[in-house]
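Visitor: Letter by letter, the chains look like this.
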Amino acid sequence: VRRAAFLVPIATFALLLVAGVRAASAAPVDFTLTVTPQTGSLDDDFVATLQIAITGVNGAERVWEPDWGDFQVMDRRNQQSSQWSYDPQRGQEIRSVEMRRYLLKARRAGKLRIGEAKVRVNGKEYTTRPLVVEVLPSGQAPSGGTPDPTTPQYAPPDPSMATNTFLHVVVDKPRLRVGEQATVTWIAYTRAEILRYEPKLPRFDDFWVETIYEPQAYLQYGEDVVGGRTYKTAVLSRKALFPTRAGKVTVPPLRVDMQTTGNPFGAPLKLASKELTLEVEALPPGAPPGFDPGLVGQWTAEASIDRDNLPAGESLELTLTLRGEGAIRRSKVPRLSIPGFEVFAPLDFSEKVETSGDVIRGERKFAYVLSPQKGGTLPIGPLEISYFNSATGRYDSARTDLLSVKVVGDPGTLAGASADSEDNVITREIRPPHEIGTLAPRFFDDFHRSRLFLVALLAPGLAFLGVVFLDVVRERLHRETPRARLRRARGRARRRQKMAEVHIRGNRPRKFFDEMARMLSEHIEERIGQPVAALTRDQLGRLLDERGFPPELVQELIGELERCDFARFAPSAAGPGEMKSALRRAQDLLRAIEKVRPLAEDEVNA
Amino acid sequence: VKRLLILIALLGLPLTARADDLADAEKAYAAQKYDAAIAAYERAVAAGRGDESVLYNLGNAYYRAGKLGKAILNYERALRKDADLVDAQYNLTVAREVVADKLGKDTIKGAEARPLWVRAVHAVPLTVLVLAVLLLDLAFFALLIALRYVPTGFLRTGLVVGTIFAGVVGLTFGGLLAGRLWYGANVRESIVVADEVVMRELPDPQSREMPKLHAGLAVEVLRESQGFWRIRLGNNVEGWVPKDSVELLTP
Chain A
3 VRRAAFLVPI ATFALLLVAG VRAASAAPVD FTLTVTPQTG SLDDDFVATL
53 QIAITGVNGA ERVWEPDWGD FQVMDRRNQQ SSQWSYDPQR GQEIRSVEMR
103 RYLLKARRAG KLRIGEAKVR VNGKEYTTRP LVVEVLPSGQ APSGGTPDPT
153 TPQYAPPDPS MATNTFLHVV VDKPRLRVGE QATVTWIAYT RAEILRYEPK
203 LPRFDDFWVE TIYEPQAYLQ YGEDVVGGRT YKTAVLSRKA LFPTRAGKVT
253 VPPLRVDMQT TGNPFGAPLK LASKELTLEV EALPPGAPPG FDPGLVGQWT
303 AEASIDRDNL PAGESLELTL TLRGEGAIRR SKVPRLSIPG FEVFAPLDFS
353 EKVETSGDVI RGERKFAYVL SPQKGGTLPI GPLEISYFNS ATGRYDSART
403 DLLSVKVVGD PGTLAGASAD SEDNVITREI RPPHEIGTLA PRFFDDFHRS
453 RLFLVALLAP GLAFLGVVFL DVVRERLHRE TPRARLRRAR GRARRRQKMA
503 EVHIRGNRPR KFFDEMARML SEHIEERIGQ PVAALTRDQL GRLLDERGFP
553 PELVQELIGE LERCDFARFA PSAAGPGEMK SALRRAQDLL RAIEKVRPLA
603 EDEVNA
Chain B
39 VKRLLILIAL LGLPLTARAD DLADAEKAYA AQKYDAAIAA YERAVAAGRG
89 DESVLYNLGN AYYRAGKLGK AILNYERALR KDADLVDAQY NLTVAREVVA
139 DKLGKDTIKG AEARPLWVRA VHAVPLTVLV LAVLLLDLAF FALLIALRYV
189 PTGFLRTGLV VGTIFAGVVG LTFGGLLAGR LWYGANVRES IVVADEVVMR
239 ELPDPQSREM PKLHAGLAVE VLRESQGFWR IRLGNNVEGW VPKDSVELLT
289 P
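Residue numbers (the working numbering), protein chains in the order written: chain A, 3 to 608; chain B, 39 to 289.
Keep in mind the hints are simulated off the structure, nothing from the lab. We put the CB at the ideal spot given by N, CA and C, even for glycine. Treat the hints with care, since some could be wrong.
[Stated by the list, open to error] Sample of chain B residues at the chain A side, in silico, Cβ under 8 Å: (1) Tyr67; (2) Gln70; (3) Tyr72; (4) Asp125; (5) Asp139; (6) Asp175; (7) Leu182; (8) Leu185.
[Said to hold, decoys possible] Derived DEER-like restraints, expressed as beta-carbon distance ranges: (9) Arg512(A) <-> Phe192(B): 23 to 33 Å; (10) Gly104(B) <-> Phe351(A): 41 to 51 Å; (11) Phe351(A) <-> Leu173(B): 36 to 46 Å; (12) Gly531(A) <-> Val198(B): 32 to 42 Å.
Work the whole structure out from these sequences, hints included.
Guide: Here it is, written out as structure tokens:
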């Protein structure tokens with residue numbers, strides 16, 4: 003037994019080795035000869051392509067060219083490539099492809115025959131079928147080419163752009179809605195043979211892109227006639243574009259560096275296709291809630307569950323399959339809400355996408371975990387997945403069948419049952435009450451309703467107004483006006499009178515009369531707005547006359563001032579009685595001075 | 039002194055009463071006597087002690103007593119006082135889920151989201167709005183006064199900028215506060231507190247039945263008639279429900 007066990011891995015390895023050798027020495031799977039164009043004129047170049055595709059690492063042992071008959075071989079080129087592929091039965095395998103291209107020129111018109119080609123691989127010989135090519139006389143154009151089976155029906159290129167080699171881009175649907183598929187095909191047109199090409203695919207910022215076709219090891223040629231000239235055509239790329247925004251959306255040009263037999267050794271041709279503009283319409287309003295903008299097209303939904311009977315506390319798996327035509331890879335995980343279940347959305351999904359046809363189609367499977375929230379027979383669905391039906395132009399819904407599941411027991415009672423069971427099930431609980439420590443009422447809760455709030459709100463504004471008012475008052479008080487001068491003069495006179503009364507009580511005649519003289523002089527100064535202390539009595543009299551003081555008042559004033567001067571220099575002559583009467587006279591004079599409206603200086607000058 | 043002591047005693051009486059109510063409520067809740075706890079908490083709220091924690095505890099007491107509508111009402115009231123009270127947010131979610139499971143979930147088709155201005159005025163707590171308006175008002179006029187006494191210089195530039203800032207922000211907050219107060223005064227937000235209530239076409243128990251509403255549903259009370267409230271749902275559908283089945287969020 004131990005020896006047999008030792009032999010198992012050796013035997014397995016040997017089997018794998020044999021299988022590998024067999025795979026490596028497999029027979030050629032493809033040996034073909036094609037000529038393009040199959041109908042041409044004496045003016046045209048014809049290209050014959052001999053393709054030898056061999057599975058394995060060995061190449062052809064010998065190749066016999068066909069009998070070219072009435073064709074003259076102008077040029078020969080070989081191209082070899084290898085490609086890895088995966089075969090479900092044989093595993094990973096390598097495939098060698100050799101392309102032999104012959105540039106031919108017909109020697110005469112008519113139906114010309116090209117003989118069989120032959121190849122030997124691993125000692126075994128393979129032959130192609132003979133071909134017949136129709137060659138028209140010089141100057142006659144063929145009626146039209148056979149379209150390439152790999153290309154859809156498309157708008158022909160503009161003859162004005164038909165140089166020897168150019169790129170043509172076609173779209174099957176120039177007006178479409180957001181999320182709808184437009185198939186764009188880039189085709190190379192050439193009158194020579196493409197030796198090498200290097201495409202530079204553009205960025206498709208406004209599209210979700212799926213690749214439908216791109217040539218692998220070699221190009222597949224077709225024929226087309228543009229402006230009376232036969233071209234070989236080869237599809238360089240075909241993509242399904244799903245616009246992601248509305249408006250005029252541009253498909254940027256495809257740029258290709260291409261080397262052809264027309265210019266085999268020079269710098270490669272730099273070709274670019276035209277820029278396409280698609281008019282993309284937004285999806286109509288009224289999308290149902292939860293609508294996934296990725297689901298535009300034709301969709302169906304299917305649901306299945308892994309069991310229809312389960313005990314409380316367990317969960318089941320719901321598989322939702324979305325199937326249809328459209329940008330399936332753009333779709334999101336549908337959000338499900340199923341009454342009676344807690345739904346756990348899937349973290350992943352499986353998908354199958356078919357991109358080989360002209361329409362992208364496929365399916366996605368989402369596995370949800372459902373946890374029943376109550377016991378009994380619970381329905382699941384019918385689940386509805388909203389999508390936009392591009393065929394009808396309306397929102398539609400893919401609906402699953404109604405499923406049901408029987409839940410034995412009540413999941414809600416599991417918390418109590420957990421004490422007896424091994425499972426520790428913890429149900430959702432509310433959070434506990436708060437401790438209320440402080441008893442202070444919340445001052446600000448209703449503060450905005452109280453009058454205090456209004457007072458607090460208005461107080462700063464009122465304070466500002468108060469400050470402004472006080473400023474205005476203060477300014478007005480400091481302004482120099484006749485009234486202000488009078489007010490100031492009265493104030494001073496009042497102070498002088500009080501001092502004079504003090505001097506009477508103290509029997510100080512000199513100081514009393516000094517106060518009297520000052521009081522009268524200052525009052526006159528305030529009234530006429532001009533200093534008078536330095537003036538002689540005559541000058542003062544004249545000044546007062548000029549300023550409109552009545553002559554009697556002027557005489558009295560001058561007389562009183564002279565009495566004051568006299569009393570100041572002979573104080574013993576003045577007793578308290580004299581001082582009191584002098585004070586009364588001075589008060590009368592002050593009132594008389596206040597009644598006078600003195601002329602201003604300019605009035606005097608005028 | 040005697041008069042002063044009497045005055046202090048009179049002022050302190052309501053606080054003592056409220057303290058007793060809250061202590062009673064907490065004891066009753068701890069003893070799982072939820073009806074007694076509810077009564078005590080309600081007394082405290084009626085005495086003006088309805089801050090967010092008391093309302094939250096009252097909501098818990100109602101939840102424990104199985105009165106889910108009232109529980110939701112008080113959680114919502116607590117959140118009106120403090121929108122960041124996470125415990126109230128959590129318990130409100132739980133209460134709503136329990137209502138949906140046990141009584142049924144009300145889905146208002148075509149319900150419109152609240153207008154932007156309503157959401158804006160409710161984005162900031164009321165106390166914050168009041169404080170902000172008062173402080174910005176004070177700052178604005180204080181800066182204006184200061185500006186009168188700073189005639190030139192860098193300081194004056196700073197004061198001008200500060201004044202403009204305080205004015206603009208103050209006006210914004212003032213607008214929010216005014217909107218909030220207007221909304222509170224004119225829109226009577228309410229909660230269905232009955233487990234299930236039938237909305238009717240007229241204020242009459244015999245009139246045609248409209249949809250059934252379940253506890254916790256937010257509605258707007260429009261007016262009263264014959265012991266019924268006329269209410270408006272989120273999708274502007276209007277109908278009548280018995281008065282005791284709906285309670286105002288701001289009594």
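Visitor: Confirm or reject each hint.
Guide: Hints and how they fare:
Of the supplied interface hints, the one on Tyr67(B) holds, with its beta-carbon coming within about 6 Å of a beta-carbon of chain A, less than 8 Å. A least Cβ separation of about 12 Å between Gln70(B) and chain A goes past the 8 Å threshold, and the interface hint is therefore violated. Here the hint on Tyr72(B) is broken, as its CB sits about 11 Å from the closest CB of chain A, past 8 Å. At a threshold of 8 Å, the smallest CB-CB gap from Asp125(B) to chain A is about 4 Å, leaving the interface hint in force.
Annotation: interface hint on Asp139(B) holds; nearest CB of chain A at approximately 7 Å, less than 8 Å. A hinted interface residue such as Asp175(B) counts as satisfied when its beta carbon comes closer than 8 Å to some beta carbon of chain A; here the least separation is about 5 Å, so the hint holds. A least Cβ separation of about 5 Å between Leu182(B) and chain A falls short of the 8 Å threshold, and the interface hint therefore holds. A distance limit of 8 Å between C-beta atoms decides the matter here; for Leu185(B) the minimum to chain A is near 10 Å, and the interface restraint is violated.
Taking 23 to 33 Å as the suggested C-beta distance range, the pair Arg512(A) and Phe192(B) does not conform, at roughly 59 Å. The hinted range of 41 to 51 Å is satisfied by Gly104(B) and Phe351(A), whose Cβ atoms lie roughly 42 Å apart. The supplied range of 36 to 46 Å is broken by Phe351(A) and Leu173(B), whose beta-carbon atoms lie about 56 Å from each other. Here the CB-CB span from Gly531(A) to Val198(B) is close to 41 Å, well matched to the stated 32 to 42 Å.
Figure legend: structure checked against the earlier numbered hints; hints not met, in rising order: 2, 3, 8, 9, 11.
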